[in-house]
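The hints should help you fit chains B and R onto chain Z, whose structure is shown.
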Amino acid sequence: MYAQMIKSTGKGIKSLDEMDPEERAFQERINAGGKIEPKDWMPDGYRKNLIRQIGQHAHSEIVGQLPEGNWITRAPTLERKAILLAKVQDEAGHGLYLYCAAETLGVTRDQMTRDLLSGKMKYSSIFNYPTLTWADMGAVGWLVDGAAIMNQVPLQRTSYGPYARAMVRICKEESFHQRQGFDIMMKMAKGTEAQRKMAQDALNRFWFPALMMFGPSDKDSVHSAQSMAWKIKMNTNDELRQKFVDETVPQAEYLGLTIPDETLKFNGETGHYDFAEPDWEEFFQVLKGNGPCNTERLAARNKAWDEGRWVREGLLAHAEKKRSRQMAAE
Amino acid sequence: MSSPESSEYKGTEAAPHGKARSTEWPLWEIFIRGQHGLSHRHVGSLHAADAEMAIKNARDVYTRRNEGVSIWAVEASAIAASSPEEKGALYEPANDKVYRHPTFFDIPDEVGAM
Amino acid sequence: MSTDPKFEFLCRMGDNALVLGHRVSEWCGTAPVLEEDIALANMALDLIGQTQLWLGMAGEVEGAGRDADKLAFHRDVWDFRNVLLVEQPNGDFGQTMMRQFLFDAWHLAQLTALIDSSDKEIAAIAEKSAKEVTYHLERSSDTVIGLGDGTEESHRRMQAALDLLWPYVGEMFLGDDVDAAMKDAGIAPDPAILRAGYDQLVGDTLAAATLTKPEDDFAHRGGKSGARHSEHLGHMLTQMQWLQRAYPDATW
Chain Z
185 MYAQMIKSTG
195 KGIKSLDEMD
205 PEERAFQERI
215 NAGGKIEPKD
225 WMPDGYRKNL
235 IRQIGQHAHS
245 EIVGQLPEGN
255 WITRAPTLER
265 KAILLAKVQD
275 EAGHGLYLYC
285 AAETLGVTRD
295 QMTRDLLSGK
305 MKYSSIFNYP
315 TLTWADMGAV
325 GWLVDGAAIM
335 NQVPLQRTSY
345 GPYARAMVRI
355 CKEESFHQRQ
365 GFDIMMKMAK
375 GTEAQRKMAQ
385 DALNRFWFPA
395 LMMFGPSDKD
405 SVHSAQSMAW
415 KIKMNTNDEL
425 RQKFVDETVP
435 QAEYLGLTIP
445 DETLKFNGET
455 GHYDFAEPDW
465 EEFFQVLKGN
475 GPCNTERLAA
485 RNKAWDEGRW
495 VREGLLAHAE
505 KKRSRQMAAE
Chain B
279 MSSPESSEYK
289 GTEAAPHGKA
299 RSTEWPLWEI
309 FIRGQHGLSH
319 RHVGSLHAAD
329 AEMAIKNARD
339 VYTRRNEGVS
349 IWAVEASAIA
359 ASSPEEKGAL
369 YEPANDKVYR
379 HPTFFDIPDE
389 VGAM
Chain R
22 MSTDPKFEFL
32 CRMGDNALVL
42 GHRVSEWCGT
52 APVLEEDIAL
62 ANMALDLIGQ
72 TQLWLGMAGE
82 VEGAGRDADK
92 LAFHRDVWDF
102 RNVLLVEQPN
112 GDFGQTMMRQ
122 FLFDAWHLAQ
132 LTALIDSSDK
142 EIAAIAEKSA
152 KEVTYHLERS
162 SDTVIGLGDG
172 TEESHRRMQA
182 ALDLLWPYVG
192 EMFLGDDVDA
202 AMKDAGIAPD
212 PAILRAGYDQ
222 LVGDTLAAAT
232 LTKPEDDFAH
242 RGGKSGARHS
252 EHLGHMLTQM
262 QWLQRAYPDA
272 TW
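From first to last, the protein sequence lines stand for chains Z, B and R.
Heads up: take any position in the first sequence, counting from 1, add 184, and you land on my numbering.
Heads up: take any position in the second sequence, counting from 1, add 278, and you land on my numbering.
Heads up: take any position in the third sequence, counting from 1, add 21, and you land on my numbering.
Next up, chain Z with everything else stripped away, as it sits in the complex (with noise of 0.2 angstroms):
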């Protein structure tokens, strides 16, 4: 999802029994439903994968603003301008409460930043697609945030106290973003042949990176285990998916427009969709930085950070001048 490659540091999952008293007692909490608060105990393990975790996932809010940014200027009317932007704007905001989350684990949001920025931590592999037309904004909406929002709604109940808070405020004011896309895939997908046709071209290109979004198949998947014993990751890959394929397929087939899956089709017998999996060499290649936009979305980034550290470094050393001479005063 967000966080799509998290890589637990543990040696596969440890028994109650074979736990020290500590991680014994940390354990039986989450079973319990309990929530852990920064300075409670924490397996070094657990501390790291939520830093990576909650890290990928601010990341991914905060690179996710450029594909839609991307249309706020050549947004077709001032409601959807301001729809687009309050949307864009909300990623922002759920970038800053999640790297506030990670904070509260003992890193700082510039040495987060750092790591996005020199490629050492990732973020989702779905903001490197480009956004071609304004049916994107459908598509992304309704697709990427449907998909996301799959993901966000269980983290609410996360074992960690600060990410699973901060899930709550998100899925709250996310509430509108899934609806916006669908509302602009509506109006498109029953507007004028041009505008059926960009939706279409935006389904087609969305819908197999939108499966990729969940994270490779539960069978190649070999670190779930463990964080999922820890609350931290609340269901896998393939559950998610299949989900969202289930959700999706009705949603497409009002709209009128045609899923780019020939061997979709819904199993009697299973109750659920069956579908084809996406080209996961495709991802993989993605995440390593082949996509076709990670190369500008990073210096999109850099670009932003190094352009803003005379405002960062001016407004800070504004604040210090006036605290001395406020002492100096008394």
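Derived from the structure by calculation, the hints contain no laboratory data.
Backbone N, C-alpha and C fix where the C-beta goes; we use that ideal spot for every residue, glycine too.
Check the hints yourself; a few may be wrong.
[Said to hold, decoys possible] Only part of the chain Z face toward chain R is listed, based on derived beta-carbon distances under 7 angstroms:
1) G253
2) A266
3) A276
4) P314
5) W318
6) K374
7) G375
8) Q379
9) A488
10) G492
11) V495
12) E497
13) A501
[To be verified] Taking CB as the label site, the calculated pair distances span:
14) A229(R) <-> E466(Z): 52 to 60 angstroms
15) G303(Z) <-> E353(B): 28 to 36 angstroms
16) G303(Z) <-> G218(R): 46 to 54 angstroms
17) A359(B) <-> E437(Z): 49 to 57 angstroms
18) F450(Z) <-> A359(B): 47 to 55 angstroms
19) G229(Z) <-> A229(R): 49 to 57 angstroms
20) H320(B) <-> A248(R): 53 to 61 angstroms
21) D238(R) <-> Q313(B): 40 to 48 angstroms
22) A359(B) <-> K381(Z): 57 to 65 angstroms
23) R319(B) <-> T442(Z): 45 to 53 angstroms
This is chains B and R only, laid out in the frame that chain Z set:
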């Protein structure tokens, strides 16, 4: 299949709960009192160069500038926090990081207990 | 020009908000720090909202069936009535905030005066907008002071921004036939009377920012009359209006 490249995060452990570099604005904890006469409640954190900016940023980040609310901004490093109850068995990783303490996000009432 | 002066006046108010809101929205996702990114978006959202009100009313006054979107997305450069200041490019963050401050200081004075307008609808829009702009001015003046009185580099950049933008200040206070008609009808103030208060406020802020106001008061003109915009506006419109122009039959 072996795991693809993941984001190592060595910096975190190596830098012992890293000091903010000089250009990073300090962290502030934000408390807001709504219109119903309830006391100020912690709503979250943010960065700002000084207290005035913290209050302005809080208006933009946490209230979307609703009028009629009262905002407190407290520099996170100025907060004294109690340790968790089970301190006997637990070591304390974060006494130097009081900003870890605050409970972070307000849970909206409609969400219920969490 | 035979158009209704009230329509002209409303386009001036609306186009200032539209063009500046658009400029500020260009920052989304690339501000120096997250908190600023969010604050800039709030400001842009306020301005887009004000645009809808002013241009919506302009369309009604005109009575030709044009709504706010039609006016925003289907007029060409010569029909825009914003002052030259707001169409100037963003430049660096300092230039953006200096432009904001120089405009906000006028904008708030103008809106405050409009609260007493003889036209109740205008007064109502002004009252709502003035609340928002009071905050814009607080924020932009704080930033101008903070960066002016910050590091050597930030001071240098803010002085450069002020020097660059100052020639666009005067236009906001130059009156013409439209302004005279508005004044006579009790709808809007004579622009010239706002100047003294503006100079006082700007002078105080620049002093606190340790910045020097340029001595030359030369003023470029041609924005609010539409007679001669800068080249920048055309480029902005090619982007802003592109979808509407390329697909005129579509609804969005």
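Starting from the hint list further up, note which numbers the structure goes against and sort them upward. 4 and 6
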